[in-house]
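Q: Once you have looked at the hints, place chain B on chain A.
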Amino acid sequence: MKLAQYVVQRFIGYLLVLFIGITITFFLPRLMPGDPINNYISQVQARAGQSLSAEATQQLRDSLAELYGLQGDIFTQYRNYLARVVRLDFGPSFTYYPEPVSNILLDAMPWTAGLLITTTLLSWLIGNSIGLIAGYFNKRRWATVLEVVGIILYPIPYYILALVVILLFAYWIALFPLSPTFLPGPMTWNKAVSIIYNSFLPALTLILAGFGWNVLAMKALAVATKEDAYVQFARLKGTTDRTRMTNYVFRNAMLPQITALVLSLGFIFNGAIQTEVIFSYPGIGMTMRAAAGAGDYNLLYGAIILTIFSVATAALILDLIYPLFDPRIRLGG
Amino acid sequence: MKTILKAQGLNKTYHLGSFPRTIKVRALNDINLTIESDKPVIISLVGESGSGKTTLAKVILRLVQPSSGAVTVAGHTVAGKGTRPSRTEFLRTVQPIFQNPFEAFSQYRTVDAYLLETATRVARLRKDEAVQAVEEALAAVGMQYKDVRGKYPNQFSGGELQRASVARALIPRPQLIVADEPVSMIDASRRMIIINLFLALKQEFQTSFLYITHDLATAYYISDYIAVMNKGRIVEFGDAKQVLSRPQHEYTQLLLDSIPRLDYRWVDRRNAAPGKY
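These protein sequence lines map, in sequence, to chains A and B.
Position 257 of the first sequence, counted from 1, bears residue number 257 in the working numbering, the numbering being contiguous throughout.
Position 36 of the second sequence, counted from 1, bears residue number 36 in the working numbering, the numbering being contiguous throughout.
Pairs of lysine-lysine residues, derived as DSS-like cross-links and limited to a Cα-Cα distance of at most 27 Å, are as follows: (1) B:Lys81 to B:Lys6; (2) B:Lys2 to B:Lys39; (3) A:Lys139 to B:Lys81; (4) A:Lys226 to A:Lys139; (5) B:Lys202 to B:Lys241; (6) A:Lys2 to B:Lys146; (7) A:Lys139 to B:Lys24; (8) A:Lys2 to B:Lys151; (9) B:Lys81 to A:Lys226; (10) A:Lys226 to B:Lys151; (11) B:Lys24 to A:Lys226.
Don't read these hints as lab results, they were simulated from the structure.
Okay, chain A solo, but in the shape it has when bound (with noise of 0.2 Å):
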């Protein structure tokens, strides 16, 4: 009953969140000063000439109006907004006339998820084994070696790290290609290899950038929580070290390592745009880029509401599984 009052409640408050998300998001543009209409008939024109008569531009301008959802007064345009998301219909892409947002951000996602999803879990795993085992060891000497792998790792730039990889194992030693290249047509077992293949050096990348931050992050909490009478208690009880270490001290110290796992998953979405770009990475990020460079607004928009969706459904999750990791949620107290 208790569980029960409590997914109700987190249920709603993701359904306001996603609400408030996607009205600022309709509200904001509107506030901006000028009419991309007016832009775009002036643009035409501008092509055109005198050719264009007054009829003309104003049956162009209602079309677009119909088109990009600018019609009536700004209550009603709101009102199909909303009704329009609900239906995952963001209209036509600019630049990809008429094909529409929602497929083009279907064909992006796969790759943006299956990289960032893979390099996340990854180097949320090392890192955290890392930082445990530094933690717990931490007045041996060799502990202290991989800890200093995390601070090396840390404070180096994305971009950096990304081109030095990149000079490492593309240029002087060509192992891997420096921009990818996927097979087309359906997935079959070539296929798959190769996508592993092409994606290892940006998958790479995104490990050893993510990884740093788990270590020290890890390795913090570790060292605090071995001085916890439970642990010493546990030890009196006859559990080896290695259960010591994974049953007590990780099971204590993890719930703030998942919230931020959980977290930076809901924020996949955003692509990985430095990586993509970098990589050349045919994912959200690279087709956010063109939208942005473009002026391709729906594309934009759609990929905005997919953010804002995908990090309130990985907050909502979060609250979800919370009470699978901390009893003391599950049965109050």
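A: Using the frame of chain A, we list chain B on its own:
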């Protein structure tokens, strides 16, 4: 006569602070203690905060390595430079009860998991035997397995949780249970339940207790022997009734005088006895 607890020339020095301004703290200063008895006993270790009581307990529990000296419990050398007793053998000899049960139990593990793991890991029992041992131990402290099962520490009251941790310590049938301030976190009205439990368990399980406290009233009530510690030394040791009724050392007298009494007016001791402690 069996040796229950024997400490020989035990020293522990803590170095506090960093290099240029290191302060040496002698938490244990040449502790010698021998307790021999055929029957199980309750030994109280009393003294003010910072007198070294807890350090002594930690040395016996191998949580702190002594600077020199050795400790023997029931014939097993448990602590001292270079001693490496086998883990199960050591844990079957000495078991702890911590001061605050809410800190001793992890918030993310059920209490019965602690009991069962002690039964399987320390007492080396099979699954079904383990459940039975847990049931017996819980019955001995007046609790039932079905009331504990699947519950997390925050679902117990302090007294209940402390009783569960007493039950846990009993499972491997240790020779000595080291109880470091076991009742200081418990409601005064519930303390006697735990104290009386120690008396009953001493008989029933033939277990000796090292009861660390600064509460002389309970120490007087349950102990066979009392050791009084001050500034890392044992200043007085002997039969409980004798020590507390005819204290020889002035520090013991001071401790006894510090107990507030109803029929005395409170006198400011700093003015009454200048220069003393």
